[in-house]
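Asks: All chains, please: the whole structure from these sequences, using the hints.
Protein chains in written order, with this note's numbering: chain A, 1 to 502; chain B, 1001 to 1319.
It is possible that some hints are incorrect.
SDA-like, lysine to any residue: derived pairs with alpha carbons at most 20 angstroms apart [said to hold, decoys possible]:
no.: 1; chain 1: B; residue 1: Lys-1059; chain 2: A; residue 2: Ile-336
no.: 2; chain 1: B; residue 1: Lys-1059; chain 2: B; residue 2: Lys-1215
no.: 3; chain 1: B; residue 1: Lys-1178; chain 2: A; residue 2: Ile-454
no.: 4; chain 1: B; residue 1: Lys-1178; chain 2: A; residue 2: Ala-459
no.: 5; chain 1: B; residue 1: Lys-1031; chain 2: B; residue 2: Asp-1260
no.: 6; chain 1: B; residue 1: Lys-1215; chain 2: A; residue 2: Asn-133
no.: 7; chain 1: B; residue 1: Lys-1185; chain 2: A; residue 2: Asp-186
no.: 8; chain 1: B; residue 1: Lys-1215; chain 2: A; residue 2: Arg-340
no.: 9; chain 1: B; residue 1: Lys-1058; chain 2: B; residue 2: Gln-1306
no.: 10; chain 1: B; residue 1: Lys-1215; chain 2: A; residue 2: Ile-454
no.: 11; chain 1: B; residue 1: Lys-1279; chain 2: A; residue 2: Phe-49
no.: 12; chain 1: B; residue 1: Lys-1031; chain 2: A; residue 2: Pro-46
no.: 13; chain 1: B; residue 1: Lys-1281; chain 2: B; residue 2: Gly-1043
no.: 14; chain 1: B; residue 1: Lys-1058; chain 2: A; residue 2: Phe-49
no.: 15; chain 1: B; residue 1: Lys-1152; chain 2: A; residue 2: Ala-459
no.: 16; chain 1: B; residue 1: Lys-1215; chain 2: A; residue 2: Asn-344
no.: 17; chain 1: A; residue 1: Lys-387; chain 2: A; residue 2: Val-219
no.: 18; chain 1: B; residue 1: Lys-1185; chain 2: A; residue 2: Asn-344
No lab work stands behind these hints, which were simulated from the structure alone.
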Amino acid sequence: MNSLGYLLAALTPYHIALALSGVVAGTVVGSLPGLTATMAVAVLIPITFSMEPASALILMGAIYTGAIYGGAYAAILLNTPGTPSAIATTFDGYPMAKRGDGDLAITLACIASVCGGLVGALFLLSLAPPLANVALAFGPVEYFWLAILGLTLISALSQGNLLKGMIGACFGLLLSCIGVAEISADVRLTFGSQTLLGGIEVVSALIGLYCIPVLIDLVATPDRHLKVEEASRGFRLQEALRISLRSKFNLARSSVIGTLVGILPGAGGSIAGLVAYSEARRSSKQQERFGRGASEGVQATEAANNATVGGGFIPTLVLGIPGTPPDAVILGALLIQGVRTGPNLFTEHGSIVYVFIWGLLLATVLMLPAGLLIGRYAYRSIVTVPKAMLVPTVAFMTLIGTYSIRNSVSDVVIMTILGVLGWILGRFGFSASPIVLGLILGSIAEQGFVQGWIIGAAADDLWGQFFGRPISLGIVAFILLSLFSPLLLSRLRLKRELARAD
Amino acid sequence: MIHTIKRSFVTALIAALAAVATVASAEYPEKPISYVIPFGPGGESDITARHQQPFFKKKFGQDLVISYKPGGGGAVGWSQLNDMPGDGYSIMGVNLPHIIVKPLQKDVGFKTDELATIYMFHYTPDAVVVAADSQFKTLQDIIDHAKNNPGKITFSGSGKGTANHLAQVTFDKLAEIKTTYVAFKGTGASVTALLGNQVMGQWGYTSVGAKHAGKVRLLAVAMEQRHPRFPDVPTFKELGFDIVSGAYRGIAVPNSTPEDIRAKLSSMIGQINDDPDFKQKMENDGFALVNVDHQGMKAFMDEKAQAYVSAAKEAGVIK
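Replies: This is the structure:
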């Protein structure tokens, strides 16, 4: 069958219905804090038993991509990343919503998500087998350096407050050590408490640190939650399209970053979004606008995190190594169906893989109308609902959402405590992002370091292990650039000003 | 008089309740059963439970509803198992050596004896895995290389104090060699390290050979007999090393579950294991079925505990 044949096989009414319902369901699930793409896909597995493998994949892929986009709603309207992928969406999305541009931010996020999703899926369609090798080229040391690169972003994210940013990050790193350690199987920092045994779950920490302070502030201040424009302005689609067209390079770069990071099994959507965000900021001429409602920030993150969907499928389908947690579930579902992943999947089972990829592209395109409509509804309901309704509803959702992540009451307790702590720290000028970055990146860095050290020590070449591998050196160069570029730039500026003064 | 009436009433009530209970257990299961996996979705514990799901529905007419309670390497789920209702409608996956080794390391909220395991339905045998283009063609190649270069051979594996790790420790001891074990988060990450040439070999499972066929080579499997899926791969026993090990998976119930329900559930899981179609599917994925039922559990656990505990001590995982 040629590619046109696969396309036609993907475009049956049945598949269109699956893709559309998948995207809609995914968007709704993703928009609720705590309900993640992984969970949505896992719930579906029994349904997919009776389906053709390609159809099952289309449904699961559609849900997945919808959920990643849906995470933007809560990030923009409630300052709560619905999934870790949407952390960087809050940086500029929430300030935009605060000043009354929440509708614009959601439409921009939708367009960016569709762009990112398309780019990721096109890479999957055209270059999957060679790109899968990226997943293998990254060893423990590369992940260690990647996590350190992520930590240096804190310096960019906490402008003028570097010390507080660093303190927050260290606190996050400490939090990441709690519980049974992944690698050494030690039980650490639990103080004998069963509650802490499972460690701090990232999504529940996100909900606590980001959402609870917003809720407390809502109750503590008399203002409305978000600024409301009385006149209906529709989707602001034309305006959004204009902005998107203007930042096409940003969208393209972020989509490629998202695809590449998505291929790395140890990284994930949160890192993709953060790297794309900081690259957008670095290359912008107006860096000071970032963090205060710059539309480019929202676009970069949303394009990148939806590109991880296609990117993550690359190692999943080619190597049988899941690129992201939802991919692991999808891989399991395929195994039960008797489909073996691997390079032959593309040559021998083209009718499954290519029909699925076209289906994923179809679902991504359908996300534009579906996402705009649902987004508008979400925006209107959050903006117009009176506070007395909004706060209890969201509070209830955070509890349910947190519980459902691991069916664990401990996570709810931890979420609530972190929430109150986050609010108090916020009053002293500590923001949530460095803490969360420390929490997410701490375990990646620790695992990479320990594994790299053991392998290096066995080979009697620790130095070469950490500083002798080309990809590592590339990442180290980025780290230095990210650490010292603000310093160099400001010195350069100072010199120029001095020269002008003379 | 009143007393007697009262007493007979109570007796009747008890009799009635007992009757209801018998009827209920006779019809068990009459509603969906919640099957909790104490790990995240997508892992082998999930996949093997998912394999059971359709067969359970077909044979017994009720759904097995799978949910996840991950955390602490399974400890979070197991520490809560006995708080669940013991009516036969809440069951949980259990894994060896986890439930033996973990409670000996630290207080993890449960003890091995407190878990009422009613069936062990399969195990994923340990295996030495190398990349298809590796210089090591046989297990002897590895032993020879390790003898000349003590500590230089690196093996990836899933976690510490796990089946992979304990097998590595046991093998090193039996073969009188020294190799380096690098723990990764799960089998997926450990295979990735192998395929990316970050390590020289992997202490993995037969399932790795099935999932990544063509890209990896199994050098030996820790089974009594060769795995039907890999007839050319020798067992450790054939090569002179007494290692039969792997990650065993079974099902436990809350310890308040009545005896008759335990027995019934145990026989149900056994019936699924007897289904040729189920057997075929599991073996294709590289798993090996075992049948340790409710009755034989204590002897099996005692025997395994002995082997695991001594290996874990050797590995320094427990004191």
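Asks: Does each hint fit the structure? Answer for all of them.
Replies: Hint by hint, here is what the structure shows:
1. Of the supplied pair hints, the one linking Lys-1059 of chain B and Ile-336 of chain A holds, its CA atoms being roughly 18 angstroms apart against a limit of 20 angstroms.
2. With a C-alpha separation of about 37 angstroms, the suggested pair Lys-1059 of chain B and Lys-1215 of chain B falls outside the 20 angstroms cut-off, and the hint is violated.
3. For the hint pairing Lys-1178 of chain B with Ile-454 of chain A, the CA-to-CA distance comes to about 14 angstroms; that is within 20 angstroms, so the pair holds.
4. Annotation: proposed proximity of Lys-1178 of chain B to Ala-459 of chain A holds, straight-line Cα distance about 13 angstroms (limit 20 angstroms).
5. The straight-line distance between the Cα atoms of Lys-1031 of chain B and Asp-1260 of chain B is roughly 17 angstroms, inside the 20 angstroms bound, and the hint therefore holds.
6. Between Lys-1215 of chain B and Asn-133 of chain A, the direct Cα distance comes to roughly 13 angstroms. Compliance with the 20 angstroms bound is thereby established for this hinted pair.
7. In summary, the hint linking Lys-1185 of chain B to Asp-186 of chain A is supported, as the alpha carbons are separated by about 14 angstroms, within the 20 angstroms threshold.
8. Using a Cα cut-off of 20 angstroms, the hinted pair Lys-1215 of chain B and Arg-340 of chain A holds, with the two alpha carbons roughly 13 angstroms apart.
9. Distance check on the hinted pair: Lys-1058 of chain B and Gln-1306 of chain B sit about 38 angstroms apart at the alpha-carbon level, beyond 20 angstroms; violated.
10. Taking the CA atoms of Lys-1215 of chain B and Ile-454 of chain A, the gap is about 25 angstroms. The hint is violated against a cut of 20 angstroms.
11. Distance hint between Lys-1279 of chain B and Phe-49 of chain A is fulfilled; the C-alpha atoms sit about 18 angstroms from each other, no more than 20 angstroms.
12. Distance check on the hinted pair: Lys-1031 of chain B and Pro-46 of chain A sit about 17 angstroms apart at the alpha-carbon level, within 20 angstroms; holds.
13. At roughly 17 angstroms between alpha-carbon atoms, Lys-1281 of chain B and Gly-1043 of chain B fall within 20 angstroms of each other, so this suggested pair holds.
14. Between Lys-1058 of chain B and Phe-49 of chain A the alpha-carbon distance is near 13 angstroms, which keeps this suggested pair within the 20 angstroms criterion.
15. The suggested pairing of Lys-1152 of chain B with Ala-459 of chain A holds, with an alpha-carbon distance near 6 angstroms, which does not exceed 20 angstroms.
16. In summary, the hint linking Lys-1215 of chain B to Asn-344 of chain A is supported, as the alpha carbons are separated by about 12 angstroms, within the 20 angstroms threshold.
17. For the proposed pair Lys-387 of chain A and Val-219 of chain A, the alpha carbon gap of about 8 angstroms is at most 20 angstroms, so the pair holds.
18. Between Lys-1185 of chain B and Asn-344 of chain A, the direct Cα distance comes to roughly 27 angstroms. Violation of the 20 angstroms bound is thereby established for this hinted pair.
In terms of the numbered hints stated before, the structure departs from hints 2, 9, 10, 18, listed from lowest to highest.
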